[in-house]
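Asks: Protein chains in written order, with this note's numbering: chain A, 597 to 710; chain B, 181 to 291.
Calculated directly from the structure, the hints in this document are not laboratory data. Don't take every hint at face value.
[Stated by the list, open to error] Covered stretches of chain B, as calculated for chain A (at least 3 residues, CB under 8 Å):
#, segment
1, 232-243
2, 279-290
[Claimed, not checked] Computed far set for chain B versus chain A, every beta-carbon distance over 10 Å:
#, residue
3, P188
4, G196
5, K202
6, A250
7, S254
Every value quoted in this text rests on a predicted model; they were computed, and no experiment measured them. By construction, the Cβ of each residue, glycine as well, lies at the ideal position given by its N, Cα and C atoms.
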Amino acid sequence: GAGVSQSPSNKVTEKGKDVELRCDPISGHTALYWYRQSLGQGLEFLIYFQGNSAPDKSGLPSDRFSAERTGGSVSTLTIQRTQQEDSAVYLCASSLGLRGDTQYFGPGTRLTVL
Amino acid sequence: GENVEQHPSTLSVQEGDSAVIKCTYSDSASNYFPWYKQELGKGPQLIIDIRSNVGEKKDQRIAVTLNKTAKHFSLHITETQPEDSAVYFCAASRRWGKFQFGAGTQVVVTP
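Between the sequences and the hints, there should be enough to build the whole structure, so can you do that?
Replies: Here's what the structure looks like:
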């Protein structure tokens, strides 16, 4: 596809359940980012992958959050034992990485924890 | 780390008037400053960006200015139209790094 895609577009879960959110970056982009956007708020950085380097996890809010990037392409953000405060839109972005810094965003996954 | 402040938080303009959004940043090593537009229910879309070796950049009705000495940059939208209504975010970064975003500006263009 031409852009960043994310799935699912919406996810409703019960408190305490685990969820997985998926991101497909633009083909050829070596850098991938996850952000969280709470209702009416700005974008909060979560984690950054660049090629085969160790990811920058400095934005993950707790050890319930983790992310993987397999084969340098698709990424999965996992939230374990979800809490109501995890409800937000989770945005993924990708960029050319060391060859370019412009980030292109996907449409996001809206997570609602009941 | 980098800190980006964005003002105003909301901006209401009459159609045809200009809109200006201002951002300041703290990290003097930041050298890339993009602006994103986010419409309801969608992800942010890049509308214009500027690098630290340029003072001004224009694309049709949109322009961005950068003052490195004062560490601030601004977005200017001229001849505003209803479709310009959205939330606008500024960001700052060092090259190939994570962005620090401003808190966003809700722009409402009234006919």
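Asks: Now look at each hint and say whether the structure bears it out.
Replies: Each hint tested on the structure:
1. 232-243: violated (count 0)
2. 279-290: The restraint on the segment 279-290 of chain B holds, since 6 of its residues have a Cβ under 8 Å from chain A and three suffice.
3. P188: 14 Å, holds
4. G196: 28 Å, holds
5. K202: Label holds. Min Cβ-Cβ 15 Å, cutoff 10 Å.
6. A250: 22 Å, holds
7. S254: Answer for S254 (chain B): holds, closest chain A Cβ roughly 18 Å.
The structure shown violates just one earlier hint, number 1.
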